[in-house]
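Engineer: Position 41 of the sequence shown, counting from 1, maps to 298 under this note's numbering, and the rest follow consecutively.
Simulated from the structure, these hints should not be mistaken for laboratory data.
Check each hint, because a few of them may be wrong.
Said to hold, decoys possible - Computed beta-carbon distance windows for the label pairs:
1) Gly559 x Asp413: 34 to 40 Å
2) Asn698 x Leu487: 53 to 59 Å
3) Leu282 x Ser661: 46 to 52 Å
Glycine included, each C-beta is placed from N, C-alpha and C at the ideal position.
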Amino acid sequence: MITVYSGNCNALTEIASNDYGQSLLLNNLMAGQTYRIQLTGYFATVEGGTCMLVSTPPTAPIYDVCTNAQNVTVGGECVAANNIGAQFTGATADLQVPLSAEGYSSQTSGRSTFIRPQEGSTCSMSETTTYYEVLPISVSQTGTYNITSQYSPNYDGYLQLFAGSFDPNNPCATYVNGDDDFGTIEFSQLIVTLQAGQMYYIVTSSYNSYESGEYTTTITGVGNVTRYLLGTNIHGMKTNCELLPTAPIWFSFVAPASGMIKVNSGADFVHTVSLYEGICGDLQEMDCAFNPSACDEPVVFGGLTPNKTYFVQIASARSAFGYTEGNVCLNIKDAGVEPVKAKIKLLLQGAYTTNGQMRTTLRENNLLPADQPYNTAPWNYNGRECLNNLPDNMVDWVLVELRSAANPAAIVERKAALLLNNGSVVSANADGVWFDNAIANQNYHIVVRHRNHIALMSNNAITLPNVSAFNFAGNPSSIMGGSVQVANMGNGYYALKAGDLNGNGVITVHDFNYYVTQSSALNVQPRRLHPRQSSVCSRF
Numbered sequence: 258m259i260t261v262y263s264g265n266c267n268a269l270t271e272i273a274s275n276d277y278g279q280s281l282l283l284n285n286l287m288a289g290q291t292y293r294i295q296l297t298g299y300f301a302t303v304e305g306g307t308c309m310l311v312s313t314p315p316t317a318p319i320y321d322v323c324t325n326a327q328n329v330t331v332g333g334e335c336v337a338a339n340n341i342g343a344q345f346t347g348a349t350a351d352l353q354v355p356l357s358a359e360g361y362s363s364q365t366s367g368r369s370t371f372i373r374p375q376e377g378s379t380c381s382m383s384e385t386t387t388y389y390e391v392l393p394i395s396v397s398q399t400g401t402y403n404i405t406s407q408y409s410p411n412y413d414g415y416l417q418l419f420a421g422s423f424d425p426n427n428p429c430a431t432y433v434n435g436d437d438d439f440g441t442i443e444f445s446q447l448i449v450t451l452q453a454g455q456m457y458y459i460v461t462s463s464y465n466s467y468e469s470g471e472y473t474t475t476i477t478g479v480g481n482v483t484r485y486l487l488g489t490n491i492h493g494m495k496t497n498c499e500l501l502p503t504a505p506i507w508f509s510f511v512a513p514a515s516g517m518i519k520v521n522s523g524a525d526f527v528h529t530v531s532l533y534e535g536i537c538g539d540l541q542e543m544d545c546a547f548n549p550s551a552c553d554e555p556v557v558f559g560g561l562t563p564n565k566t567y568f569v570q571i572a573s574a575r576s577a578f579g580y581t582e583g584n585v586c587l588n589i590k591d592a593g594v595e596p597v598k599a600k601i602k603l604l605l606q607g608a609y610t611t612n613g614q615m616r617t618t619l620r621e622n623n624l625l626p627a628d629q630p631y632n633t634a635p636w637n638y639n640g641r642e643c644l645n646n647l648p649d650n651m652v653d654w655v656l657v658e659l660r661s662a663a664n665p666a667a668i669v670e671r672k673a674a675l676l677l678n679n680g681s682v683v684s685a686n687a688d689g690v691w692f693d694n695a696i697a698n699q700n701y702h703i704v705v706r707h708r709n710h711i712a713l714m715s716n717n718a719i720t721l722p723n724v725s726a727f728n729f730a731g732n733p734s735s736i737m738g739g740s741v742q743v744a745n746m747g748n749g750y751y752a753l754k755a756g757d758l759n760g761n762g763v764i765t766v767h768d769f770n771y772y773v774t775q776s777s778a779l780n781v782q783p784r785r786l787h788p789r790q791s792s793v794c795s796r797f
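Produce the complete structure using the sequences and hints provided.
Structural biologist: In structure tokens:
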């Protein structure tokens, strides 16, 4: 347990503590003042060594507050961020938001209590102590407004209006009007004149002592209604997936028509992903996931309202090593849209053995990366494909592109995929490559790339999804450029030509020099190269 005190040893004042984890973030410390740190075991019999470090925390990212949430486009590229230095608590804020046509819904359960006024347009105090909640508003235009509250069944709610301020200890000072029942105990209504620019406070309580329940307040009139959130927390939110989350960062998105999304956080630290509805300062958690792996299937969230804005919080969770922070790349897809699958086969000259098979030397020697390797030049692909477990029959990673049928130079979508020893190109746990942005039953040119082979493109646009795999290892006439683009491996098999180590579409002495430079470094994956072979071809 970490506890920090100010003052002298004979008169200490505790200013912060943490009994969960190995770190404590302190804000608003006074320069030049001495503080004392006490370390204790949480359980009486626990003892051990420690190594104390006091340092200045990194600057928090601007998106560690909800109001600066980064927008994520559903179906678009992942949005990169990090939560290093993000703060779970901080200064509160006063926010102004439009009051929606659906009104404001909440509950008085668990709120503060006050002695309410009597019903009517003249204030007189009752002897009833009850729970209450306050809704501050203003209007854009002076005129008549209808304020209506509907209550949950059997909840005898009470609607009151105050102008300028509201003091629960002296409510009559600013009281305007109040209504208990409007035809039934489950409704209240006030028709009043409101002044533009004036702050009003709508107070909802019950008519009876210590009664509480749910309610919805709507306001209609000649102008627009603005809702105020005063002294609002816009930093971290608690989540059902972690007792004490820390270092939160925020994202927002607009729900697709299906009302379902697939989320991949792409995080490299132990974390939680939490989904919220509402507005900053008044969010309600809908669902959450604890530490979803970036390499597993995405987390599916449903029950969303189409075209409504939602918020996602990614926060550090506690592991056996305490809390860690790091990088994320949040990707959100429409879970109601089935991806389009492309079945593809190809062979690599450098890995080819015989009879349409390739060796798996890189896999056998644990030289294949778990993350897709095409995130550097010249490919610059930022996809988050990765594997928790590499298949035993995996040859290497390849990069697959779908190109427009009308304009083969236009890339529709790219995916990193697994090349298996029989030539199949697949996404993890699939028999083809999944494309989220392709449209079923439309035609696309297919391009395949490898880190040290010449890339190939289909000669014609292929209708996807395809039942039979498009075979780059078969008839060369189906490949743009024909047989000159491929290596003839005999017995009717053709392969991508080995030797394009710098990925520029041409095999020259520069590729050999690149090989020599890389082979002199440590932990470099083996490359197969034919120094005497040269080829010049169109660059895709």
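Engineer: Now tell me if each hint is right for this structure.
Structural biologist: The hints, checked one at a time:
1. Gly559 x Asp413: 34 to 40 Å: Hint holds: Cβ distance 36 Å, inside 34 to 40 Å.
2. Asn698 x Leu487: 53 to 59 Å: holds, 54 Å
3. Leu282 x Ser661: 46 to 52 Å: holds, 50 Å
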